[in-house]
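Listed below are the residues making up each chain.
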Amino acid sequence: MISPIHIISIGLGTAFALGFLNKKSNGLAVSLMLVAIALMAAVSSSWFIKLYQGAEAIEVYTAGFKPPYSINLRMGLNEALLSSLINLAGFLGGLYMFKNLKNTGKHAIMVFLVFVMGLNVIILTRDAFNLFVFMEVVSIATAGLIILIQDGKSIQAGFKYMIATGIIAGIFLLGIIFAYYFSGSLNIDDISNSNLLAFKGGSVAVLMIIVSVVLELKPFPANGWALDVYEASDPGIAALISAASATAMYFVLFKLMPIADLQWYKIISTAGLITFVGSNLFGLKQTGARRLLGYSSIGQLGLLMTILGLKPFLGDKFEYIAITILISHYLAKAGLFWIAGLLKKDKLKDWALLRKKPLFLVLFGTFVFSLIGFPPFPSFFGKWELIMSLSQQGLYFTLAMILTGSFLEGIYLFRWLGYAIKMESNESWTFKLEWNKVIPPVLFGILVYLAGYYSSTFAENFNGLYFIALAFILIIYLLDFLPAAVKNILSILSLALVSWYMLPGLYSEDMLRFIFTLIFLVGGILTFIAGFAYKGKREGFYPVALLMYAGLAIIIRASTTLEFFFGWELMTAGSYFLIIRGKKSMAHGLSYMLFSMAGAYAILAAFGLSFAETASIQLSSLAAVGGNITVIFSLLAIGFMTKTASLGLHIWLPGAHAEAESDVSPMVSAILLKAGVFGLMILMIAMGNNPEATRVAYVLGWLGALTALVGNLAAAFQEDAKRLLAYSSISQLGYILFALAMMSHLGWMTAMVYSINHFLYKSILFLTIGAVVLKVGTHYMYKMGGLIKNMPLAFIAVLIGIIALAGVPPLSGFAGKWLFYNAVIDKHWYFQGVIVFFSGIIAFLYLFKLIYSVFLGQLKDNLRHVKDISIWFAIPIYILIIGLMIFSAKPDLVLKPLGEMISVWYPNAGLSWEGGLATAPYGYWNGTGVMITIGIMFMALLGWLLLLSSKAVKVGQFNIVYSAEAPQRPETTHVSYNIYAGYNKALGWMVAPKITEFWDTMSDWAHSLAEYGRRLYSGNGQVYTTYVLAYIIAFYLIMIF
Amino acid sequence: MRKLFIIIILAAFGLMLYPLIQSFSGNDHLSELATYYAQKENIEKVNSVNLVTAIVVTYRGLDTLGEVTILFLTAAIIAFFLKGPSTLRTLRPNSEIFITAARVLVPIMVMFGVYIFMNGHLSPGGGFQGGAVIASAVILMFLAFPDAPFQHKFFGFMESISGLVFVGLAALGALIGSGFLDNTILPLGTFGKLLSAGAIPVIYSFVGLKVGAELSNILNEFKSVQSDK
Amino acid sequence: MSFLLISIALGVIMLVVTGIAVFHKKLIVAIIAAGVLSLFASVLYLLLAAPDVAMTEAAIGSGLSTIIFFYVLNRIRTTNGTEDQETV
Amino acid sequence: MEYVSLTIGFIVIIAGLWAIMTNRNILRMIIGFSIFDTGLHIVIVSLAYVKGGTAPILDSAVGINEAIDKIVDPVPQALVLTAIVIGLGVTALMLAYAMKLHKEKKSLDIMSFRDLKW
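Protein chains in written order, with the numbering used here: chain H, 1 to 1041; chain W, 1 to 229; chain E, 1 to 88; chain V, 1 to 118.
Misleading hints may appear alongside valid ones.
Claimed, not checked - Pairs of lysine-lysine residues, derived as DSS-like cross-links and limited to a Cα-Cα distance of at most 27 angstroms, are as follows:
| id | chain 1 | residue 1 | chain 2 | residue 2 |
| --- | --- | --- | --- | --- |
| 1 | V | Lys103 | E | Lys25 |
| 2 | H | Lys317 | H | Lys99 |
| 3 | H | Lys583 | H | Lys867 |
| 4 | V | Lys51 | W | Lys3 |
It is worth saying that the hints were derived from the structure and are not from the lab.
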């Protein structure tokens, strides 16, 4: 085993030896440097392996004297891990900057090498003054590396950096020397044992030491210089500063904290929290990539600082949380800076160019998701543990602020990701990708997944098998070069396999999960069939669709809140990518993501609160919650309602669904929304019996009713067919919410029937309309019309769909309505019931409009030769129609077992069955009978019509002529254009985009706050030094009061 | 307005420093750590007359390594930062007396510098001071012979070789001695003699050479940019 | 006792020099004053029984730094046009 | 005596900070740093002083046996040696920056270098 001290020998020796090389051998110099860093990495990682296997930490004494008489280094597990990380980043960073370094010459290469070596010593040393010396080494090396590109901006940034760190280092030295004076030792362990805080002078010394290390971590607002450094230095260097330096400095703070006491931990955590929220808030207004990454880096450091400050509360969880979040930050931030360097574009909007290289787009997405803390990345597990521990400790404010900060970070990162995925870009990728610049980000991208898997193995009650699903998705991604059809088959097979594996067991055990599995997975298979209609490769579609389905399946399978949340977030990520694939979906994808994130955080907080009460993360333990039930119930309900798009949280839905691809719309509408319903049901099953929950449910009931009304009204005024269906979904989910909130047997029966129905007819309608849209090339109904002859298959499908939706006999929609009225009467929710009833009438308006304006009336000239919908769409549509028919004709097949299931929770006032005849307290209904009756009537009418039709006079379609000129706005000539203008006058105020305005205003406020606040960073380096000093004073004031 | 703010901050800073003075009571005796260094048996372990040197080179030799690294870094950074075409600037010729004096003085100053660092373990002064004196000699040379070319290669070589020797000796301590920078890898000699204190004089001499070379390099870089008008 | 008086006298001189270094209008005077401050500091170090430090401070703090300052000042003056002569 | 020098050290530190924070001229800011450093060094050396002590160099005046009772603390002196050299490195680098900044904008006013902000 090579002694860790030789990290220094290797690093410095090589740096000194590089002086011998002449100017021509710069390439050799860089290679030697890389070899040296690799050797350093070998030393540190070999120690890591050894220590990980259980070896004791070792102390290295210099000069053969024991500390405190000489300087000692410690190589423990943490040190070994972090120095390995630093050396890895150093090696890859050096590789990445091979050319820059080579061109700048051997002096720059020496500086780079010394920089990496210095960071190692910072980690290893246990001597306060030695720490100071090597912090100076690193900060001077940093000042040198910043100006590697030697443009005006980097020189300015470097100077600001130097004056700020100059003052910080002075204060640090002052603190150390007084600590020596008071404690008689320079060894950190001795200093912490000597209780400096017992007297005033000692506490000032501690203050100076701690505050200067905190300042090195760039706390808000004393961090203007750091932002400039991130923005102006070479991205390769910024990557190192953000990943490696920050890691080392964080460890320094960790190492020095024992000299302080609990009060100091609190101060640190507050300072970190302010940094995390403040920095991410200001990040909102950034338009440049590197500065944005700077804000994000500083924010992440703030989060890490908070975690360190919470160490006394987190107990033995601390290391896991800190390391997972640190590693996520380390990998992601270095990766992002490296990509920024590759792209050579600083404007966020120009990142659309990244699309030309899908590999980098995937890496970009990976890093963004891992920063925010999505599964399967390490930070997901870290954040989970953090939230659980925080709520266990009752630190609700901290918890709320952390979630707020994460949310703010999510806003700008996802907006940026959206630009990269969707922004218009005419540029072409002109520059060459050098292998040495590609390997580092790719490697870090792979590592972040591996680290995620590894982190999950530490999580209690977490089934690692879920990673198999992710691995499969990865394989599908790697097969992305195959034609779409092959991937489609693979996807269908995989869903079929999972269904085959899951369904039989569930049928006997858990009807609720069985039905939702049917909806999620079998629905998934059906929608995938439609995918055969697409030609080409459909790059990126299958992995993300499968990701969503994997998330949905995990939600069903989850037995713990952690697994549930894991699945929930996977589903969110997958559906986000599905949604943003649509043509004009950039904004919709973002708003979907933001609502989902806010919802997910509400869920996370609620799970945390529940864990705090029950000390268990079993899903079943939700039932044991007593004290905070109103809060937990409300938070969970809000979280799930972001997915069901209830009123107020719905504004993401219309755009997202309408702009999605034709076969994606049913996925995200008919299927995805049910995840929210499933969540609500799980929630109500667990907590519904509590009277407090009932009160919240009453509110939910009203909300559901209003959602139904507003959704339907809005649908009636749409000219865009898919938007119409989207609003209709909102309204249908409002029905479901209303029915669920009744929390009675019939209410739940209604909800289940609506869920199944909505899945069936919304799939049918979206698939059909989507297929029609594919053929006619427009969403707008006024551009269609008269398609009945060209598209009989589509017409029949839509006809059946709207009959089911409208709830008229004989189809199963009627069953829903019938149950609904029974339930309302049973529950005595008359007012709400009337609203829902009224909205049901409105539904007729838009349904009529849908079928009329698309299929009836005048055929547009340009659509004369349009063919019927693709067979690949027709197959799933007609399978679904058959399903609908079966459900309508034999509802007892499903409803009976469903009733039994619901009886477990709500035994009273159920349906009683006699064959196919259902009897409710307020009436009876026989699905089969109705079906037959209506069928006979229909046949009779049809026959009569056919009989009459022989006398009808045929009129040619284009028998009329415009009088003289073409109309100004051709759409106005369509008979159903603005067909409900009258209603709009009367009721339009209800659907005025008040809610959208509300959220827009919120967003504007946040952005103006950010705009105003960030003026703090005036650009004047001198002012920044004032902030630094003022920050110290602020700490002092907090300390003495 | 801003000045007022700064006055307030500095006043607060002064108030913050006050407790330090308040808790300061001077020293009546050495601290525990210093006592250890000053004990006879421990002095004999290192065998250096100058205790500061013993600490700088041996006990806290790692700091010194860091410190020469900082100078090394500074020299390297300034070298690539300020590099530019150096066309010579015609200066007023120096007076004959000055040039002659410089001719005599420069070697003497260099010798003096060498003397200082060679005796670092015996008398005040050591590598840094000696290095600074050497650098002063170089400045004198710059002033006296502005047109003479600077021996880049030589100083670069000196810098590297002395750095390598320093690191090498230090690592040797870890390999054959009892730890990194252990000075007992060479015989300790007689207390108070030039050849004593083990590796200390050797290391300190190379520190001196290195510091001298680095400072000269830095000065040269600053000097060269003088002429690129 | 006499040491105390000397140190107080030295201290007063140092504060005056510091004042000059901070407030004097001419940059060159300020630079020299900063160097002189170092020089006085090294005298103080001698009083405080720190000859090593005194030597270093005298050679490096007041010697070399000041020379580098002059180099830079010279360089800036030669490249400066006529404009902000006053500030330099 | 050590009280006097400690106080002087603190005052010099504050004076240095004042120079750093109020002078818009970059060179004057750097002078401020130099003063700040000097102040720090004075403070450190003051802390090393032991009443009536001699320099930590063993010669005829102070024998090896009586060192403990006679010398001043050598540790802070060793530290300050390091600190002085570091200070020189930092000052030199800052001055190099100042030259480059001046070359860029022909100005030494820190207010002229605000291209990066917000």
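Indices of hints not satisfied (ascending) = Failing hints, ascending: 2 and 4.
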